[in-house]
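Asks: The lines below spell out each chain.
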Amino acid sequence: MNRYENVVAHSGVEVVSSNKVLKNTYLLLSATLGFSAVMAVVSMVIGVPPIMYIASVIGALVLGIFVLPRTANSSKGIGVIFLITGLLGFGLGSILSLYLALPHGPQVIATAFAGTGIIFLGLSGYALTSKRDFSFMGGFIFAGLMVVVLAMIANLFLQMPALSLAVSGGIILLMSAFILFDTSRIVRGGETNYIMATYGLYLSIFNIFISLLQILGIMGGDE
Amino acid sequence: MEWMQILGLIAGIMMLFILWPAYKHWSANSPKAEKGDWQAAILPLAAVVGLVILLIMSVR
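Sequences listed follow chains A and B, in order. Position 30 of the first sequence, counting from 1, maps to 30 under this note's numbering, and the rest follow consecutively. Position 59 of the second sequence, counting from 1, maps to 59 under this note's numbering, and the rest follow consecutively.
A hint or two may mislead.
[Stated by the list, open to error] Quick list of in silico lysine to aspartate or glutamate cross-link-like pairs, EDC-like style, CA-CA up to 20 Å:
id, chain 1, residue 1, chain 2, residue 2
1, A, K131, A, E191
2, A, K131, B, D37
3, A, K20, A, D133
4, B, K24, A, E191
5, B, K35, A, D133
6, B, K32, A, E191
7, A, K76, A, E191
8, A, K23, A, E191
9, A, K131, B, E34
10, B, K32, A, D133
11, A, K20, A, E191
[To be verified] Label pairs and their in silico Cβ distance ranges:
id, chain 1, residue 1, chain 2, residue 2, range
12, A, F113, B, G50, 36 to 44 Å
13, B, S58, A, K23, 45 to 53 Å
14, B, L9, A, F82, 48 to 56 Å
15, A, R70, B, K24, 14 to 22 Å
16, B, A47, A, L158, 44 to 52 Å
17, B, W38, A, G122, 15 to 23 Å
18, A, F113, B, P21, 13 to 21 Å
19, A, N24, B, E2, 40 to 48 Å
20, A, Q107, B, W38, 18 to 26 Å
21, B, E2, A, P69, 27 to 35 Å
22, A, L100, B, S58, 34 to 42 Å
Rather than coming from a laboratory, the hints here were simulated on the basis of the structure. Keep in mind it's a predicted model, so treat the numbers as computed, not measured. Glycine included, C-beta positions come from ideal geometry on N, C-alpha and C.
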């Protein structure tokens, strides 16, 4: 009986702890997404050139590799995640300006935005309600991402539209798998740092949005 | 255009730099999939593919 009570108490503590991480992650995620949107609007108003997008991605990668893991356990981590997401939002603004100049640009942006929201909410809801452990996909997802990044690098020089479409499709699938993977890790207590959890989910949403924009831009007939 | 390629190459190499240790960690430490796990993962991913096709049709 005592043992049973210990098990119940222990799992109860874990559930409360993972619920807290989940709640904090979603709060921080909504705040960072809102901040990114504001920075994207600022960038569009200023009219920054498209090269700013790649520069901001590099800046965000540097912060994500070298600064965020060292500050994620302190309050400085919140500032760093806002810096990263603000930078990515600022870079995104230059891409959105390009799409807005196309005849069906606003429709493509709105569709990509709606699609990203549906994918994120649907997959998060599925991972939360199914309570399955999706961490078995870890090796598969990272191997797939490395293949996609190599294809992306190759396409910088090959400039093949079909390969570009395939890369974007691959990114959407892999980032969708990442949402399942990350959410199930948070729910099951595998990720206990809400700043790192937010960073993972934010990157998945950002990449899905960019890839959807590219696919809809090409398939919508606007090149 | 050359600058875009160079910056893209730097970004790609940095991504590989992040992904390699994560790949090594997860390929060594991922739990084995149990019966029905892959089905449970493929089902929502197939729904994503369906949604993307619908979105493409909506903008054509």
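Asks: If a hint holds in the structure, say so; if it doesn't, say that too.
Replies: We went through each hint and held it up to the structure:
With a C-alpha separation of about 15 Å, the suggested pairing of A:K131 with A:E191 holds against the 20 Å cut-off. In summary, the hint linking A:K131 to B:D37 is supported, as the alpha carbons are separated by about 11 Å, within the 20 Å threshold. With a C-alpha separation of about 19 Å, the suggested pairing of A:K20 with A:D133 holds against the 20 Å cut-off. With a CA separation close to 18 Å, the supplied pair B:K24 and A:E191 stays within the 20 Å bound.
Distance restraint check for B:K35 and A:D133: the Cα-Cα separation of roughly 12 Å lies within the 20 Å cut-off, and the hinted pair is therefore satisfied. A C-alpha spacing of about 19 Å is found between B:K32 and A:E191, which places the hinted pair at or below 20 Å, so the restraint holds. Of the pairs offered as hints, the one joining A:K76 and A:E191 holds, with about 19 Å between alpha carbons and a cut-off of 20 Å not exceeded. Between A:K23 and A:E191, the direct Cα distance comes to roughly 13 Å. Compliance with the 20 Å bound is thereby established for this hinted pair.
For the hint linking A:K131 to B:E34, the alpha-carbon distance of about 14 Å falls within 20 Å, and the restraint holds. A C-alpha spacing of about 11 Å is found between B:K32 and A:D133, which places the hinted pair at or below 20 Å, so the restraint holds. For a cut-off of 20 Å, the pair hint linking A:K20 to A:E191 stands: about 12 Å separates their Cα positions. Taking 36 to 44 Å as the suggested C-beta distance range, the pair A:F113 and B:G50 does not conform, at roughly 19 Å.
In this structure the hint that B:S58 and A:K23 lie 45 to 53 Å apart at CB is violated, the actual value being about 34 Å. Between B:L9 and A:F82 the CB atoms are about 28 Å apart, so this pair departs from the stated range of 48 to 56 Å. The hinted range of 14 to 22 Å is satisfied by A:R70 and B:K24, whose Cβ atoms lie roughly 21 Å apart. Remark: the range hint 44 to 52 Å for B:A47 to A:L158 is contradicted by a beta-carbon distance near 32 Å.
Between B:W38 and A:G122 the C-beta distance comes to about 19 Å, which sits within the given range of 15 to 23 Å. The beta-carbon spacing between A:F113 and B:P21, approximately 33 Å, falls outside the hinted interval of 13 to 21 Å. For A:N24 and B:E2, the Cβ-Cβ distance of about 44 Å falls inside the hinted range of 40 to 48 Å, so the restraint holds. Distance hint check for A:Q107 and B:W38: the Cβ-Cβ separation is about 36 Å, which falls outside the suggested range of 18 to 26 Å.
The supplied range of 27 to 35 Å is met by B:E2 and A:P69, whose beta-carbon atoms lie about 33 Å from each other. The given range of 34 to 42 Å is broken by A:L100 and B:S58, whose C-beta atoms sit roughly 19 Å from each other.
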